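Chemist: So you can see what is in the structure, the chains are spelled out below.
Number of protein chains: 2
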Amino acid sequence: MENNNNKITMEKIVSLARRRGYIFPSSEIYGGLSSCWDYGPLGVEIKRNVKNAWWQAMIHNRDDMVGLDTSIIMHPKVWEASGHVSGFSDPMVDCMDCKQRFRADHLTTENCPNCGGKLTQPRQFNLMFKTFIGPVEDQASIAYLRPETAQGIFVNFANVLNTTRKKLPFGIGQIGKSFRNEITTGNFIFRSREFEQMEIEFFVKPGEDETWFKYWLEERLNWFSSIGIKKENLKLRQHRKDELAHYAKDCYDIEYLFPMGWSELEGIANRADFDLKQHAHHSGNDLTFFDEQAKEHIVPFVIEPSSGVDRTVLAVLCDAYCEEPDKDEIRTVLKLHPSIAPYKVAVLPLSRKEPVVNVAHEVHSVLRKSFPTAYDDAQSIGRRYRRQDEIGTPYCVTIDFDTLEDNSVTVRDRDSMRQLRMPIDVLCQSIAAKLSGELFEVLPPGGKHWLGF
Amino acid sequence: MENNNNKITMEKIVSLARRRGYIFPSSEIYGGLSSCWDYGPLGVEIKRNVKNAWWQAMIHNRDDMVGLDTSIIMHPKVWEASGHVSGFSDPMVDCMDCKQRFRADHLTTENCPNCGGKLTQPRQFNLMFKTFIGPVEDQASIAYLRPETAQGIFVNFANVLNTTRKKLPFGIGQIGKSFRNEITTGNFIFRSREFEQMEIEFFVKPGEDETWFKYWLEERLNWFSSIGIKKENLKLRQHRKDELAHYAKDCYDIEYLFPMGWSELEGIANRADFDLKQHAHHSGNDLTFFDEQAKEHIVPFVIEPSSGVDRTVLAVLCDAYCEEPDKDEIRTVLKLHPSIAPYKVAVLPLSRKEPVVNVAHEVHSVLRKSFPTAYDDAQSIGRRYRRQDEIGTPYCVTIDFDTLEDNSVTVRDRDSMRQLRMPIDVLCQSIAAKLSGELFEVLPPGGKHWLGF
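Residue numbers (our numbering), protein chains in the order written: chain A, 631 to 1083; chain B, 631 to 1083.
Check each hint, because a few of them may be wrong.
Pairs involving identical chains hold if they fit within one copy or between any two copies, as the list cannot separate such chains.
Simulated pairs of lysine to any residue, SDA-like, Cα-Cα distance not exceeding 20 Å [claimed, not checked]:
#1 LYS796 with ASP1007
#2 LYS835 with GLU1020
#3 LYS983 with GLU922
#4 LYS796 with HIS911
Everything labelled a hint here was simulated from the structure, so no lab data went into it. These numbers were taken from a predicted model, which means no experiment stands behind them.
One chain only, chain A, in its complex shape (with noise of 0.2 Å):
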């Protein structure tokens, strides 16, 4: 159960998040609230650039998708419909002597784990948030936050419909924040009651749905290899027939192999037509599509991949962090890809004073126009590589003495600590260049060396 590269225990995870302020516990100041965390000034930096990457792949670069964004208050005939109202529960039960209360399915023994009194039978408690709409708190004005983004979809079918005119096959995206008042929450950022969901529903011709779930996995499987992660932490698993929801005809959850085990990244379900039916059944509206070609309206079948936001950023944190032997120490790194560090380059002047103060400034400010970039001058130089290796930085600019006389900077690499000395003037596009993975055409003669660090 334990990860390939070296030994990353969950500790280590969550205090270098702490530390360099990547994640930090929510409301920290009164004592933190359980099992919430807010995303510091790296954090949410890292969370946009995964957010950013799935809409690019899922949304923008593709003709049978697009994108929406729902109120994450719906009206409550939407959670009727879905059954979330009647059955999204957990069992628990309550401790007769010390009132505590438990998931009945959590328990080996028929006591309390606690004091070990005796519990009462199991009861359903739903798992929805409840809030009241209005000034008058009763049965009328009860709404909930969703338990999931994926509804908001289903209720917009026909809208997406007639104002896109996509044919089937297509797909809806979502990123938005879910709420579940889940009893066992922990393991960091992996399960909490607040999170944020990037869901798809993709509508397909009913006998075409087995096609394209075995596509959905694969493609999914790709994206999260496209933003870094390592293939061989990465795994399909199957439901077990008892596991799946009874209207589900098939369902995988990509695993990733965290600190605490295998465990879900993504779920891709194949939901058959159960949504739609039903929310066609509970409104009255016509949920159907006009198959032109056969003449007839059809309910489409739906594939669903569902990932989360959170434990995709955790998934990212713990494949990215190493720790190497270097010289006497060890050095501490986040690998992340390029396209999700924080930063992707740093400029780190060897000097706070004139002249050098502003050659480093005016090499910062050319270097972010094109990419984020840091600019750090406190400590010595090896705190800041440390501290660039610590946050992920793929690379690292060194302004010194020399660059006044030469015009040309030293460029650190991250993984492999490889210098190389560069002319400022193809500083920006051989970062560019590097960061993209791909040669770029617009090098001086001779310049090409400069991508081989």
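Position chain B against the provided structure of chain A, taking the given hints into account.
Modeler: Just chain B now, kept in the frame of chain A:
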């Protein structure tokens, strides 16, 4: 009170937004949910563009700003310290006859506006949405949905200081959903119970606050101009003494000339040291900044430019909306700034058959690598131009039978409706140059006229 360029009504904006897939009523198939809205396939793109433009200008392009992304559900003590539990409320009265409830400060008579019945004395009604964490609904498990993102910034002030080692003056920005259980909502997405904010808390030395306050008034006005909102539709309005919150030294609204009249787009407040002092007091934590020059701990003052994402989207739509006479018809066009338009280009083949369609697909696949690009082959070319005008696509590229001979296409400008024949070779860079507003150096000799249309 009417808009400058033409008689824009909210009905026209709502209708276009609905028809073209910008914005739908939430849960529409269930009759809608009062004043909740879903962003459709084009709406989500315009909203992303607004948020990205803000993040780029306010966070990435500045040395003195970092971002955060804090949770919506925070510790209840946050809202005690901030004053929201005791003070964030509206005075409400009930009709003793018809039982309807009204905002006391909105009434012009002492009787019920519905039935004329007698009203109760006003009672305070808190505007925060309440929910419960965990399975037990009691006082100890109450939590609130944040009514503003700002407090997530204040409670992380020390975390940001420690991890980024920023010095005064510096700011923290955040984009995210907030929730207010408003009694009076309306004007489309202008005031809804669920909305998205873009907030900055900019921390400065006491004494420098008034200078920075003026700076941010100008900076934020310029930002709204930079995304294409006309200067004449923006104005600053200083809060009167009796409007000011008790802790605020000064406050201005940036107002936009919406169809219903001048209304708040952003509030910019000088909040002095109120928030950090409150949280230091309630949490017992040190929330000071150590000034190394003066060798003293100081509580920074804070300038807060607080903007609404949805209001900005609405202002952008209203500002871009034009009806122009065109021959015997009225042309409806959204003159969106290119950075905000959902699609930058549309590819329109004049035939759905090979070989025209092959060239069209090729052009489409090249353009989409550089910009979000639509592909539209349905109905007449005139109708397609109209459709792209209505959704605000700056350029249309038409591929016709001549293209097969001369490798050229017709490019049409949305605003001037001028058309220009252009070789496919220079298409992408010409459009990039037009979109960025910069002349492009790499055009072939004599090619500059392609930028003149």
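Chemist: Give the relationship of LYS983 and GLU922 under a CA distance limit of 20 Å: within one copy only, between copies only, both, or neither.
Modeler: So LYS983 and GLU922 pass the 20 Å test across copies only (19 Å; inside, 72 Å).
Chemist: Given a CA cutoff of 20 Å, do LYS796 and ASP1007 count as a within-copy pair, a between-copy pair, both, or neither?
Modeler: between (53 Å within a copy, 12 Å between copies)
Chemist: At most 20 Å between C-alpha atoms: does LYS796 with HIS911 qualify within a copy, between copies, both, or neither?
Modeler: Close neither inside one copy (23 Å) nor across copies (57 Å); limit 20 Å.
Chemist: When Cα atoms must be at most 20 Å apart, do LYS835 and GLU1020 count as within-copy, between-copy, both, or neither?
Modeler: Neither way: LYS835 and GLU1020 sit 48 Å apart in one copy and 31 Å across, limit 20 Å.
Checked against the numbered hints above, the structure violates hints 2 and 4; every other hint is satisfied.
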